[in-house]
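Here the sequence shown stands for residues 1 to 577, where the numbers follow my numbering.
Check the hints yourself; a few may be wrong.
[Unchecked claim] Ranges between beta-carbon positions, derived for each pair:
| no. | residue 1 | residue 2 | range |
| --- | --- | --- | --- |
| 1 | 478 | 432 | 43 to 53 Å |
| 2 | 231 | 483 | 38 to 48 Å |
| 3 | 522 | 479 | 39 to 49 Å |
| 4 | 461 | 290 | 25 to 35 Å |
| 5 | 290 | 522 | 33 to 43 Å |
[Said to hold, decoys possible] As a list, the in silico PhoX-like pairs of lysine-lysine whose alpha-carbon atoms are at most 25 Å apart:
| no. | residue 1 | residue 2 |
| --- | --- | --- |
| 6 | 136 | 167 |
| 7 | 136 | 122 |
| 8 | 76 | 138 |
| 9 | 434 | 522 |
| 10 | 431 | 550 |
| 11 | 522 | 550 |
It is worth saying that the hints were derived from the structure and are not from the lab.
Note that CB positions come from ideal geometry on N, CA and C, so glycine has one too.
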Amino acid sequence: MRRKRLYIWMICLIAGFAGLIYKLMDIQLFHAEDYGPSSVNLLEESVNQRSSKITLSDGRGVFVDRNGSPLHYTSKKDIVVFPFVQGVTDLSHTIRERLGVSEQEWNTWFTDEKQPFFLSDKWMAIPDTMYDEVEKLKLPGLIAVERKSEVDEGGADHLLGITRSDKEGFDQRYPERKGETPVEYGLTGLEKAFDPFLSGKGEQVLQYHVDAMGNPLLGMDMRLRSMEDTFYPLELRTTLDKNLQERLERIVLQSNMKEGGAVLLDVEKREVLALVSLPSINKQDPYANNNASNRMLMPFNPGSVFKTVIAAAALENHPEALLQTYDCNLDLYGKPGAERQLGSLSFTDSFAQSCNYTFGQVANELASMDRNLISLYADKLGLMDRVGWSGQLFHYDAFRQLPEEGAGTIWGDGYDPGVEDAIRQTAIGQKNVKVTPLAVANMMATIAEDGVYKNVKAVNEIAYHNGSMMYRFETKPEQRFSSVTAVKLQQLLEQVVDAGTGTYLANVEVAGKSGTAETGKKNTNHYWFAGYFPRKDPKYALALVELNQKPADQSLYDTYSKIVHAVSDTSDDHSVQ
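Please put together the full structure from these sequences, using the hints given.
The structure is reproduced here in structure tokens:
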């Protein structure tokens, strides 16, 4: 009996030992890189437990402006300090002497500090002389590096967008990558649109091996572990001009505007040079009060700016309307008692003075000829569809640079184009007419370029980290209406500034159209001015809108004038390329 128990005990011991051997073989040979239900990479974890590291870059792609200047981030020189240096008296003393730091201040840097840190986070911006000296001396525990640093006040927040790095959001965005360590993903703007290209492919870290106490292992060199692929991170070369962006933001933020913004386009290239949207984004709570929404991509009632569409349709389809005079003492519906008693005006003067009766009347005459004419010309001028660049990008069949952009609307239903009062309200940009500021700016650029329509770009190129080209976005010009019509529209827009509602802008070489749209709220309107400049050789199209603004608080023309001066001054400096 005793011998039988001994045999059983020996069998169990052998089985247990065999199980242990198999477990070790499973860990070391069979599943070293994907062990257990969570597929843990044991080799990486082993290294991580015996090393200390600091991240220099998260590997996410970056934005630069049209001249290559960084946007929302900066690459700066810094010095990494490893905690063990405090415990090495001679080394600590040498470093303090080199840096010119008191012992007291030096010691405060290491309070509860177990991981390496950037010197600029503890002390000050690192001068080039200090960076060069540290790089030259190669002191243990101290290393000169270049790090990617986010800039909170980078500007163009609504266009570029914001990011997050929470696990739930990452798993929802990339279900195929579920289980990976979450990396930053785009919440809004270009960060979201281009997220598949920007998403981090591997971080860049500075790493050294340590013992159980956190001290460096002798003979184990400090090393730089870079991204796995030398082609990444990608660089998005935007169309923005950083200098212009900063100027526009400063002017708009100093105005009385609470909601609205401005969008500036290059007329020839149809590129966004600057874009400002208010209210500003609270990055801690971006969706509060809808502040993350880019107002320049959202449709709003444009008011009399829409009369440009009626004028274009009349020029090509109802030239008799341009030869008539109109009783502008009548209101929109042809009844006595217009708010502004303008008397008898020609079509040209009616456009300049923004006479509602004239355009309500002409719109009805156009609709009687063809009920689709108004929609047709709104489309020709680019107000109906989304104007941001769209097309095939690799395996994305319908990629949009600006997916948050809304489309324009003209009619509420199929009956409105046959209802006289509805046509009159539509003619002056009220009722169901809603267009985006971006589309309005592009309409002005189309007129300025003699009727040539183009989609608007916010990104020019996607480039690899080594500088080579991955993709370049091209635009295809399309002649939407005759150059003769465009010239006549240009003359109408000039007259607005010379002798109409835009005379406040007579001090700048601009042509454009004003608009005031009722919002349905008492004593609150949307105030617009959109145009192009300079007149003789248009380079820029600018749409400015103050949304939900009280009449006494609006500063539309003053703000517009300041922007035109600021852009013109920059152009003289030849900074826009």
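Tested hints:
no. : hint                  : in the structure
1   : 478 / 432: 43 to 53 Å : violated, 26 Å
2   : 231 / 483: 38 to 48 Å : holds, 45 Å
3   : 522 / 479: 39 to 49 Å : holds, 45 Å
4   : 461 / 290: 25 to 35 Å : holds, 32 Å
5   : 290 / 522: 33 to 43 Å : violated, 22 Å
6   : 136 / 167             : violated, 41 Å
7   : 136 / 122             : holds, 22 Å
8   : 76 / 138              : holds, 19 Å
9   : 434 / 522             : holds, 20 Å
10  : 431 / 550             : holds, 20 Å
11  : 522 / 550             : holds, 9 Å
The structure shown violates the earlier hints numbered 1, 5, 6.
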